[in-house]
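A.B. asks: Protein chains in written order, with the numbering used here: chain P, 9 to 266; chain X, 96 to 626; chain U, 49 to 414.
Nothing false has been slipped in among the hints.
Facing chain P, a subset of chain U residues (Cβ under 10 Å, in silico): (1) C86; (2) M87; (3) R88; (4) F314; (5) R320; (6) L364; (7) V368; (8) E381; (9) S383; (10) R386; (11) A397; (12) W399; (13) G400.
Just so you know, the hints here were simulated from the structure itself, not pulled from any lab data.
From the three backbone atoms N, C-alpha and C, an ideal C-beta is built for every residue, glycine too.
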Amino acid sequence: MGCELRNRVEAVEPYRIDAQGMHHRQLNETIRAALSAGYREIILDNVNGQRYIGAGISTPAYIEINGVPGNDLAVFMNGPTIRVHGNGQDGIANTMNSGTVIVDGSAGDVLGYGMRGGRLFVRGDVGYRVGIHMKEYREQVPVLVVGGRAGAFCGEYMAGGVLVVLGLDRLPGQPLTGDYLATGMHGGVIYLRGRVAEHLLGKEVQMFDLNDQDWKLLGGLLDEFGNYFGVDAAELKKDQYTKLLPVSHRPYGRLYVS
Amino acid sequence: MRSLLPPEYIVRIDQDRCRRCGRCVRNCGFGALSFEHSFWHRAKELFQGSTEDLQKVIAHVEEYVPDRVVADNRKCVQCHYCVTHCPEGAINIEPNPLAYKANHYWLPHYQKNIVKQAESGGMILTGSGNDKPYFSYFDHLVLDACQVTNPSIDPLREPMELRTYLGSRPKALEIEQDSDGEPVLKTKLTPQVKLEIPIVFAAMSYGAISLNAQKALAMAAKECGVLMNTGEGGMHRDLYPYADHIIGQVASGRFGVNPEYLERAAMLEIKIGQGAKPGIGGHLPGEKVDEEVSRTRMIPVGSDALSPAPHHDIYSIEDLAQLISALKEATAYTKPVGVKIAAVHNVAAIASGIARAGADVIYIDGFRGGTGATPMIIRDHVGIPIELALAAVDDRLRQEGIRNQVSLIAAGGIRHSGDVAKAIALGADAVAIGTAALIAMGCHVCQQCFSGNCSWGIATQRPELTRHLNPEEAGQRLANLLRGWALELKEILGSLGINAIESLRGSRLRLRGVGLSEQDLEILGVKPAGR
Amino acid sequence: MLLREGEVRIPSGCAVSAILNVKGRCINGEAITQSIACMRERSNGLGGGFAAYGIYPEFKDHYAFHLLCETEQGRLDAEELLRQNFLIDRSEPIPTRKVIGIENPPAVWRYFARVRPEKAVGCSSTAEGNLVTSVVMKINKHCDRAYVASSGKNMGVFKGVGFPEDIAAFYRLEEYEGYLWTAHGRFPTNTPGWWGGAHPLGLLDWSVVHNGEISSYGANKRYLEMFRYRLELQTDTEVVAYLFDLLHRRHDLPLELVCRVLAAPFWKDIDRMPEPQRRLYTALRQVYGSALLNGPFSIIVAHGKGLIGLNDRIKLRPLVYARKGDFVLMGSEESALRRIFGEPDEVRAVWGGEPVIVELEGGSAQ
Numbered sequence: 009m010g011c012e013l014r015n016r017v018e019a020v021e022p023y024r025i026d027a028q029g030m031h032h033r034q035l036n037e038t039i040r041a042a043l044s045a046g047y048r049e050i051i052l053d054n055v056n057g058q059r060y061i062g063a064g065i066s067t068p069a070y071i072e073i074n075g076v077p078g079n080d081l082a083v084f085m086n087g088p089t090i091r092v093h094g095n096g097q098d099g100i101a102n103t104m105n106s107g108t109v110i111v112d113g114s115a116g117d118v119l120g121y122g123m124r125g126g127r128l129f130v131r132g133d134v135g136y137r138v139g140i141h142m143k144e145y146r147e148q149v150p151v152l153v154v155g156g157r158a159g160a161f162c163g164e165y166m167a168g169g170v171l172v173v174l175g176l177d178r179l180p181g182q183p184l185t186g187d188y189l190a191t192g193m194h195g196g197v198i199y200l201r202g203r204v205a206e207h208l209l210g211k212e213v214q215m216f217d218l219n220d221q222d223w224k225l226l227g228g229l230l231d232e233f234g235n236y237f238g239v240d241a242a243e244l245k246k247d248q249y250t251k252l253l254p255v256s257h258r259p260y261g262r263l264y265v266s
Numbered sequence: 096m097r098s099l100l101p102p103e104y105i106v107r108i109d110q111d112r113c114r115r116c117g118r119c120v121r122n123c124g125f126g127a128l129s130f131e132h133s134f135w136h137r138a139k140e141l142f143q144g145s146t147e148d149l150q151k152v153i154a155h156v157e158e159y160v161p162d163r164v165v166a167d168n169r170k171c172v173q174c175h176y177c178v179t180h181c182p183e184g185a186i187n188i189e190p191n192p193l194a195y196k197a198n199h200y201w202l203p204h205y206q207k208n209i210v211k212q213a214e215s216g217g218m219i220l221t222g223s224g225n226d227k228p229y230f231s232y233f234d235h236l237v238l239d240a241c242q243v244t245n246p247s248i249d250p251l252r253e254p255m256e257l258r259t260y261l262g263s264r265p266k267a268l269e270i271e272q273d274s275d276g277e278p279v280l281k282t283k284l285t286p287q288v289k290l291e292i293p294i295v296f297a298a299m300s301y302g303a304i305s306l307n308a309q310k311a312l313a314m315a316a317k318e319c320g321v322l323m324n325t326g327e328g329g330m331h332r333d334l335y336p337y338a339d340h341i342i343g344q345v346a347s348g349r350f351g352v353n354p355e356y357l358e359r360a361a362m363l364e365i366k367i368g369q370g371a372k373p374g375i376g377g378h379l380p381g382e383k384v385d386e387e388v389s390r391t392r393m394i395p396v397g398s399d400a401l402s403p404a405p406h407h408d409i410y411s412i413e414d415l416a417q418l419i420s421a422l423k424e425a426t427a428y429t430k431p432v433g434v435k436i437a438a439v440h441n442v443a444a445i446a447s448g449i450a451r452a453g454a455d456v457i458y459i460d461g462f463r464g465g466t467g468a469t470p471m472i473i474r475d476h477v478g479i480p481i482e483l484a485l486a487a488v489d490d491r492l493r494q495e496g497i498r499n500q501v502s503l504i505a506a507g508g509i510r511h512s513g514d515v516a517k518a519i520a521l522g523a524d525a526v527a528i529g530t531a532a533l534i535a536m537g538c539h540v541c542q543q544c545f546s547g548n549c550s551w552g553i554a555t556q557r558p559e560l561t562r563h564l565n566p567e568e569a570g571q572r573l574a575n576l577l578r579g580w581a582l583e584l585k586e587i588l589g590s591l592g593i594n595a596i597e598s599l600r601g602s603r604l605r606l607r608g609v610g611l612s613e614q615d616l617e618i619l620g621v622k623p624a625g626r
Numbered sequence: 049m050l051l052r053e054g055e056v057r058i059p060s061g062c063a064v065s066a067i068l069n070v071k072g073r074c075i076n077g078e079a080i081t082q083s084i085a086c087m088r089e090r091s092n093g094l095g096g097g098f099a100a101y102g103i104y105p106e107f108k109d110h111y112a113f114h115l116l117c118e119t120e121q122g123r124l125d126a127e128e129l130l131r132q133n134f135l136i137d138r139s140e141p142i143p144t145r146k147v148i149g150i151e152n153p154p155a156v157w158r159y160f161a162r163v164r165p166e167k168a169v170g171c172s173s174t175a176e177g178n179l180v181t182s183v184v185m186k187i188n189k190h191c192d193r194a195y196v197a198s199s200g201k202n203m204g205v206f207k208g209v210g211f212p213e214d215i216a217a218f219y220r221l222e223e224y225e226g227y228l229w230t231a232h233g234r235f236p237t238n239t240p241g242w243w244g245g246a247h248p249l250g251l252l253d254w255s256v257v258h259n260g261e262i263s264s265y266g267a268n269k270r271y272l273e274m275f276r277y278r279l280e281l282q283t284d285t286e287v288v289a290y291l292f293d294l295l296h297r298r299h300d301l302p303l304e305l306v307c308r309v310l311a312a313p314f315w316k317d318i319d320r321m322p323e324p325q326r327r328l329y330t331a332l333r334q335v336y337g338s339a340l341l342n343g344p345f346s347i348i349v350a351h352g353k354g355l356i357g358l359n360d361r362i363k364l365r366p367l368v369y370a371r372k373g374d375f376v377l378m379g380s381e382e383s384a385l386r387r388i389f390g391e392p393d394e395v396r397a398v399w400g401g402e403p404v405i406v407e408l409e410g411g412s413a414q
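Bound conformation, chain P alone (with noise of 0.2 Å):
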């Protein structure tokens, strides 16, 4: 299949690629020769737990998935956009340069690991420790934004980047977040829509309202958000937002005698 790609210089069709079946090497191997053969668009179909899709890959490209693709999407990916129809597995974006993913529906623990650039939307809810240590430098801002609830240690170590927990879609009674709130989080920023009871939080960080520079990142995201989802960003826009800061940015300095 890749010998056949190789001669393509350049392509305008999308390329589909059927998963059914495959082994991850075989399927990522396959995006890869029909990446370098010039295709620009590729969709995969019957995608069910496929591995490491879209790992380190640095060429401009939109790759759409049709299922559930496995662990480690986009890990390392640095430019193209994914877009998930349906869930996702764990570790998505893991230790990301550049390059957006987009599922439509719910997605595991461990998201965006260390994520340094780029953009994850998950619509639905997601599991423990998402955007764990996600940070910053220079230009390079992570941006995780999730529409429903988030489960426990939700940006652990968060040491830079934006996180967003939407809260859509609970159950009344269901908390944003599960429990240990941003413990460690010593840099970035994140924002709920609502509040979450003080319980819940790590030490390190305390609630903040929203300023209008707040207001202006916050919007464009619900903005791009709403776009991508089919979702009323101007309603999203009249609720209640919450600010988490971290309180101080070396919290451990009592820690240690020397």
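Given the coordinates of chain P, work out where chains X and U should sit on it, guided by the hints.
C.D. replies: Same frame as chain P, but now just chains X and U:
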């Protein structure tokens, strides 16, 4: 008889730095430092004229040659109070290299004790714990950590639980359903006391230590959510506000023990023995029994406070059961009753008997445990190491299926949080610290606690010395120490990949022995490193 | 000498999967095989296995002992131990086929047995359970390289060294019909793998599959030993199985509370509970602290009447729940559940320490 004892230490005063402020002279509990007026005393001897002229001369001379501080080296115990507090850093204390001739067998302290006994005909008294170079099992045990197959846990960001309860537990719980079908507890648990850190302060009585020292321990216990222990000296009224964090000890002398005392304490402890002096009673000399000690111990001022070697209502295990029950009856079963014993050869069987006698907590004190006063020959040659005793007791209680019935406190030489973790891995629920707590308050382990001259204001009742210890500051030092150890324990748990202390308790698989014999390993229930 | 597994504790990683038909309707072993095969990345070919419930309707009141015997003498000794305590109504080799990738399998046997009347202490099911447990422990300890894979009624454990799908082929699982299936793919850290060390682990009607390593193994092991459990296999899964046996069967704690012991709420959460809940949960931790499973795990416990899924309390391992019609599915990855029946009616991640307890409708299989 003229003493032939050479001074052990040489105190050197840097006369250039010394400003003659006199702080060291006033503060030395042992009277080792004084002002020497040598120059003008000499001048007075030499002068033959009128008194007025003498005054003039003295005034003149003093200006150029002021008094100087000199030391009586024989009195110095190297407690370092003067060294620590000299604002000029002008004092240095060195071991006297010529005190005894070097000999690998007739070590200096043997020679010294022989000389002392030859001069006095008495027993050598000492304080603190066994300082002899016995093998330390703690130093030959190492802890495990996680790599890859299971993750370590970050204790600073994720929950890490040290909370521990002391008390007896049933083997199983009975559950019933309430009217809504929700499960509720049917079993009625016997009383449990909570420790936020699995550490308690060892028993140190008012009498043995100062009220200020006891207050410091009580304040720290309250701040850190742990317990201090009255020792057998009763509970001074100043400690009442901290009573929820105080173990009330009932020892053979029964000092200060009345229903009110039993009622106040959070937990009771019958003291059978102590690691530094297994099988030995106590004796607080009458001169230490001042007004306050008298009131707290409920004995007349100036009378000796004698603690008999055994409890004279306990000559056998069934008698212990009787005293345990009596205490429980007297307090209407509202608090745990523990029993403290020294680690001796047959400790496992003894502990099993204690558990069966109805104790809720067993406190085992190893041979490194400290004391206010004991014959040195007992301190240094009786009893066994806590590591082996603890391992044997935990094994025995488990073999008999009664480990749940009692909590185990291990003590006797716990120096740092690593020792705490190792003791818990060997099977302890909590540890007790005495010497470490004293060091936190300032003690320099000079081992003269029995003398009542403690310059640090800890092991003394002399008002001019107890003033040296500020209870708030000492309490803060103790609380800081516990905080530091708690952080370290959490770090250890995190590296072990567990987030609750009970997952370390008795988990000897997380220990390995380095340089231990096969038999030691077998007793400790630990594999050698590399296996 | 290189210690074999069973003589030394070997940590391992894994994949787990389970299917339950809540109406007790039976399906053959193909669906569960596909599901676990979907997570091939999570195992390394050194261990795979399945537990199946409802597969022996003709012997549903017999204890079905599945044995893995590496030596004939071991099998004979085990059989003798069984005969001393049970009447064996049928014994036979478990049907297998040759499969590439399954090397040097031991003899796999099954015995359908009833407790000898003279051994039955009254009619107490607890006493009977204790007898079965003690015989299992004796075989595992004393019979040369013979291990009991399972010992429940109308159920069996099929396991060995290989990828799970190869193990399924070896045991011809497509020929069995069960209403409840669990599966395990193993990634042990030693070579070679060992048949007795493969999972699920079965004891009486319980079977456990587990992903992760239990860091509190030592504490749990010594706790169980107080109750006369012998941890001969030295696996974490064994600890889980015995804890369920102890807490539920012997101490009669409801399953929900067993889970709350194994993955206890944090003290800070217990302190916030209203009475009398707080009293209950405080007591559970005080009394059963040594049964707390600490470290990363997701476990699926099956028993004759249902299924339990449980994560460690800070959720260091994945577990996904799904429902499709009468079927409840659980597994390490969502894709593995979709592999079985396609788009589920409901799918969600299981949160840390949150037990998912599913029981057969009407309490037992048809």
